[in-house]
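Following the hints, position chain B against chain A.
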Amino acid sequence: MSQRNGGAVVAASGLTKIYDGRPVVDAIDLCVKSGECFGILGPNGAGKTTTLRMLIGLSPPTAGKLEVLGFPIPERARVMRRRIGVVPQGDNLDPDFTVIENLSVYGRYFDLRKTDTAARIPELLAFAALESKATAAIHTLSGGMRRRLILARALINQPDLLVLDEPTTGLDPQARQLIWQRLRSLLGQGKTLILTTHYMEEAERLCDRLVIMDRGRILVSGRPKDLVREHVEPQVLEVYGPGVERWLETRARGLCSRTEQVGETVFCYASEEGGLLEDLRKRPELNFLHRPANLEDVFVKLTGRELRDG
Amino acid sequence: MSITLPVPSIRWLPVWQRHLLVWRKLSIPSLLGNFGDPLLYLLALGYGLGRFVGTMEGMPYITFLASGIVCSSAMNTATFEALYSAYTRMTTQQTWAGMLAAPLDVDDIVLGETIWAGTKSLFSAAAILVVAALLGIVRGPRALLVLPIAMLVGTCFAAMALVVTAISKNYEFFLYYVTLVVTPMMLFCGVFFPLQGLPAPLRSIAALLPLTHAVQLIRPLMTGGWPQHPFCDVFVLLGYAMVSYWIATALIRRRLLA
Chain A
341 MSQRNGGAVV AASGLTKIYD GRPVVDAIDL CVKSGECFGI LGPNGAGKTT TLRMLIGLSP
401 PTAGKLEVLG FPIPERARVM RRRIGVVPQG DNLDPDFTVI ENLSVYGRYF DLRKTDTAAR
461 IPELLAFAAL ESKATAAIHT LSGGMRRRLI LARALINQPD LLVLDEPTTG LDPQARQLIW
521 QRLRSLLGQG KTLILTTHYM EEAERLCDRL VIMDRGRILV SGRPKDLVRE HVEPQVLEVY
581 GPGVERWLET RARGLCSRTE QVGETVFCYA SEEGGLLEDL RKRPELNFLH RPANLEDVFV
641 KLTGRELRDG
Chain B
8 MSITLPVPSI RWLPVWQRHL LVWRKLSIPS LLGNFGDPLL YLLALGYGLG RFVGTMEGMP
68 YITFLASGIV CSSAMNTATF EALYSAYTRM TTQQTWAGML AAPLDVDDIV LGETIWAGTK
128 SLFSAAAILV VAALLGIVRG PRALLVLPIA MLVGTCFAAM ALVVTAISKN YEFFLYYVTL
188 VVTPMMLFCG VFFPLQGLPA PLRSIAALLP LTHAVQLIRP LMTGGWPQHP FCDVFVLLGY
248 AMVSYWIATA LIRRRLLA
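As given, the protein sequences belong to chains A and B, one line each in that order.
Numbering follows our numbering, in which position 227 of the first sequence is assigned residue number 567; successive positions increment by one, without gaps.
Numbering follows our numbering, in which position 18 of the second sequence is assigned residue number 25; successive positions increment by one, without gaps.
In isolation and in its complexed conformation, chain A is listed as follows (with noise of 0.2 Å):
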C-alpha cells in the first residue's frame, strides 16, 4: 500500500466532535498501522462510535486532522470507501432481498461489475457458512447468521481495511467463536481492522494494540498483554460468601496491594497471592476464584465500576 504517514491506515490527530457545546471526542490522537487489528474499547458513551462515524467520514469532525489511507477525510470520504468495508453495529441487511441477493446488491453500490460479483460470491458464502443458505429470505436467519452475512457484505468490493462496530454484540458464545475465526483469517490475508467491543475477551483475543476510551479521551493504549502488565497486579482472587464484607476489612486489605468492592464480590490485587490463599483456606464459608490479571481488570480500573446506561 502506498499511504502517506508511513503506512498509517488511519492517522488521526487532535480529532475532536462536539454535539450541543459537550465535546463526544475530545482532541484524541489515533494512529492504526497497515495489517494490525485495532481496538477501541470503553463505556456505554465513552465516543467509539463516533469515532468510528467520523473515520468512515459520517460525521464531519468538529476539529482535528483526519487521514484514512492516506485520504483527507471527510472531503474525500467517498473515494476512500471505495476500499473499505463496514460491519454497523445494527442489522442493515437489505429484508426484501435473499442472502446471495444482499451481496450483489451491496457490489452495485461499489460500482463493481455483476460478473465480478458473480464470481465472488462463491467465496463469501463459504467465507460467511452461507452456503446452504444462498436463496434464503433474511428473516429466516438467525442472529449468528445475519452477522457473517454482514461481514460477508463488507468483504465485497475486496477491502484493504475493515471497520467494525461492536462485531459480536448480541451473539452466543459459537456464533462468536465463528467471527471471531474469520476475522483472524482476515487478518491473516493482511487486511486491517478497527472494531469497538465491550467484550475485554474479544479485544484481548484479536487485537494486536488497542486503546481505552473515557468521556472522549484515551485513557490508555498499547498492546493488551503490556497494559495488563502495566496497570494491574498480575494476580486476581476474586471473593464472595458471607461475611466478605469484615474479611476485606480484617484481613483483606494487609494480604494484598489493591481491593474492589463489586456487590457482593471483592476483588483482590495481588503481586505475591501467597498470603492471600493461605488465610482463604482457614474461611470455607467464603468462596473464591483465583486468576490472572486480565484487560477487563485494566478497563475496570481505569473507567470506574459505576453502571453507565445509554
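Just so you know, these hints were derived from the structure itself, not from any lab.
Please note that the accuracy of each hint is not assured.
[Claimed, not checked] Pulled a few chain A residues facing chain B out of the computed Cβ check, cut under 10 Å: (1) Tyr359; (2) Gly397; (3) Pro400; (4) Ala403; (5) Arg421; (6) Leu433; (7) Phe450.
Cβ atoms here follow ideal geometry from the backbone N, Cα and C, with glycine treated the same way.
The following block gives chain B in isolation, referenced to the frame of chain A:
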C-alpha cells in the same frame, strides 16, 4: 448545516437499480395497484358521474377525467414512495445507512430516490394510458409524450415529499402533508373539473401549484391538442423539483451526517 448545493453524479444509479429490483420482486401487487385503481376511478366517475355531467371542455367527461387521473396518479405514486417507503429505508430498514457505508453520498441517495419515485410515476402513467387506450378514450402516438412528462411530474413531487421525509419523526407526520398539500392539489388543480369552475382567488393560487401545470401539459396531449404554454409548465415543474431536491439534500445531510 451544510446548505451547499447538492453534487449530482451518476452514482444515483445503484440506488435506483436497488429499488427497481425490489419492485420487480413485488411487481404483481404493484401492477394491480397501477392498473386497478385508475380503472376503478375511470369506470365509476367517468361513466357513472359522466352520465350526469355529459361533456366537459368539449369532450366526454371520461376523456377529460382520464388525463386528470394520469396527473394525480403520478403525484400520488411519487409522493407516497418518497414519504412512506423512503422513510422506511431511512429509519427502520436502515437501507440508507448501508448505502452510506459504501461509496455513496447523501446527494446520490436523494437523487436516486427522486428519480426512482419519478420512474414509478412513469409506470403508473403507462398503465393508465393502456387502460384509456383499451377504453377507446385516447388514441394517437402524441399521447406517448405523456410518459416523459409523467416522469418529470413524479420527480417533482418526489423531491417535495423528500423534504417532508427529511424532517419527519414518524409516519403520522406525513398526514399533515397529505391532507394539507396533496389532497387540496388533487381537488383544486384541474384533475376533476376545469380551473374555471373556481372563484378567482383560488384560481390564482392553483396557478402557482405544480399539479396545475402537470394537468396543463398532459390533458391536451391526451386529447389530441398541444399545451398552450409548455415551456412555462415545464419550467415550474423543474423549478419545484430542483429547489426541493436542494432543500431535501441539505436537510437529510443534517439528519444523517451529524
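We went through each hint and held it up to the structure:
1. Tyr359: holds, 7 Å
2. Gly397: With Cβ-Cβ at 9 Å, under 10 Å, it holds.
3. Pro400: It holds, given that the least Cβ distance between A:Pro400 and chain B is near 7 Å, below 10 Å.
4. Ala403: violated, 16 Å
5. Arg421: holds, 4 Å
6. Leu433: holds, 8 Å
7. Phe450: holds, 6 Å
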